[in-house]
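Asks: One-letter residues, chain by chain:
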Amino acid sequence: MPSLNISLVAETVFHLGPGFAVTNSLLTTWLVMTFLVVVSFAVTRNLALVPGRVQSVAEIAVEGLYSLFEAVLHEQAGRYFSLLATFFVFIAMMNWTEILPGIGTIGVTLVEEGKKVFVPLFRPGTADLNTTLALAVIAFLVIQSAGLAVLRGSYIKKFLNFANPISFYVGILEIISELSRVVSFAFRLFGNIFAGDVLLTVIAFLMPLFGPLPFLGLELFVGFIQALVFSMLTAVFLSVAITHSDH
Amino acid sequence: MEKLGIQPVQLFTQVINFLVMVIILAKFLYKPILKALDERRKKIEAGLRYAEETKAELEKSEKRRKDIVAEAKDEARHIIDEAKQSGKKLEAEIVEKAHKEAEQIIAKGKSEVELERSEMEKELRAGTISVASAMVESVLRGALDAKTQHAIIGKKLQALARVSK
Chain U
1 MPSLNISLVA ETVFHLGPGF AVTNSLLTTW LVMTFLVVVS FAVTRNLALV
51 PGRVQSVAEI AVEGLYSLFE AVLHEQAGRY FSLLATFFVF IAMMNWTEIL
101 PGIGTIGVTL VEEGKKVFVP LFRPGTADLN TTLALAVIAF LVIQSAGLAV
151 LRGSYIKKFL NFANPISFYV GILEIISELS RVVSFAFRLF GNIFAGDVLL
201 TVIAFLMPLF GPLPFLGLEL FVGFIQALVF SMLTAVFLSV AITHSDH
Chain L
248 MEKLGIQPVQ LFTQVINFLV MVIILAKFLY KPILKALDER RKKIEAGLRY
298 AEETKAELEK SEKRRKDIVA EAKDEARHII DEAKQSGKKL EAEIVEKAHK
348 EAEQIIAKGK SEVELERSEM EKELRAGTIS VASAMVESVL RGALDAKTQH
398 AIIGKKLQAL ARVSK
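As you go down the protein sequences, you meet chains U and L in turn.
Oh and the first sequence: position 213 is 213 in the numbering used here, straight run, nothing missing.
Here the numbering used here = 1-based position in the second sequence + 247.
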């Protein structure tokens, strides 16, 4: 009976120069990026006033995202739209790679420390904490810098307030809450997608023929929801950060 | 960190990946599409506005047309009424005139007849007198003298004249 290969850490597939290991999740990320670049070029190469089918779909997606973020950020939506939409599109695409055949199954068997280890060539980008943490850090930095740029002094006052002991303590709590968001963003996304990846692997291992089918649909849904949650939460925290609070 | 597989190089690479994605997608996907959508919205708005204006224009001209038609109808009715009235007046005048003429003709006829009758009467009377006097003369020639004769005839004639009147 073949053994099941489940690894929390993205495995290194090959090295690009000294110190730069290309992991399977990074490889998949690059594939997703290539796919997105090709698609966006193909879609917008010849935009027409009367849209074709492909253009219509792309328009529905972009406009839908825009109205979604507009509902949260109102007139500020245009400024942060590229970032928020890329959060959604990029994360959704990376999440959905887990349901593609060959992701997690095509791989090489390497010998590490005397043991035979199966290393899959592809792994969903968001099933790697490096990716999700990178996204969470970017979201955090964007939120903080946006708050600072819009509110300036009063934004700092939210965290460092020496007016009275209570507001000082509240400021400390705010700092902790902001920092904890990075962790929650990163682990929520990672946890969901990694769990989905493991689930599909296990089901495919136990019931290879029709077993994974319902779970593929489920993972399609989870991947969409997680991308939506990540981008929407970023939008909401962004709107909170750039809103003047009168207390 | 080691157990979770977090490596600074990997993390940084993914940050770069994401930023590259943001730039590329913004430039080649979001902006063109949003621009296209905006352009289309403007075009549609302009089209709608044009349609609205055309509709208003149409309604205005339709109203004007109706007004003109109503005015024309009114005027036509007015003219017809006037014509009718003047026709009636003319008719009445003609009838009156005819009546008058008829009356005149009748009166003229009557007077002519009267004249004729009176002339005939005169002639008849003259005739009668001469015949009567001739008869009386021939009958009474021996019995009465000329003076009495004439007195009697004169009386009779006076009586005749009274009767014939």
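These are computed hints drawn from the structure, not numbers from a lab.
Among the hints, a few may not be true.
Said to hold, decoys possible - Some residues of chain U that are not near chain L, with every Cβ distance over 10 Å (derived):
#1 L8
#2 F20
#3 A149
#4 A241
Unchecked claim - Keeping only pairs whose Cα atoms sit at most 25 Å apart, straight-line, the calculated BS3-like set for lysine-lysine is:
#5 L:K357 to U:K116
#6 L:K357 to L:K344
#7 L:K302 to L:K289
#8 L:K307 to U:K115
#9 L:K347 to L:K335
#10 L:K307 to L:K320
We treat Cβ as the ideally placed atom computed from N, Cα and C, and that holds for glycine.
Asks: Against this structure, judge whether each hint is valid.
Replies: Okay, the hints, checked on the actual structure:
A Cβ of chain L approaches the Cβ of L8 (chain U) within 10 Å, the least distance being about 7 Å, so the stated non-interface status is violated. Chain L draws F20 (chain U) into its interface by the beta-carbon criterion, the shortest separation being 6 Å against a cut-off of 10 Å. Here A149 (chain U) stays apart from chain L, with its beta-carbon at least about 18 Å from theirs, past the 10 Å limit. Its beta-carbon lying about 19 Å from the closest one in chain L, A241 (chain U) satisfies the requirement of being farther than 10 Å from that chain.
Under the criterion of a C-alpha separation no larger than 25 Å, the hint pairing K357 (chain L) with K116 (chain U) is inconsistent with the structure, at around 158 Å. As the CA atoms of K357 (chain L) and K344 (chain L) are separated by approximately 20 Å, the hinted pair is consistent with the 25 Å bound. Using a Cα cut-off of 25 Å, the hinted pair K302 (chain L) and K289 (chain L) holds, with the two alpha carbons roughly 20 Å apart. Taking the CA atoms of K307 (chain L) and K115 (chain U), the gap is about 91 Å. The hint is violated against a cut of 25 Å.
Using a Cα cut-off of 25 Å, the hinted pair K347 (chain L) and K335 (chain L) holds, with the two alpha carbons roughly 18 Å apart. For the suggested pair K307 (chain L) and K320 (chain L), the alpha carbons sit about 20 Å apart, so the restraint of at most 25 Å is met.
Hints 1, 2, 5 and 8, counting from the list given before, are not met by this structure.
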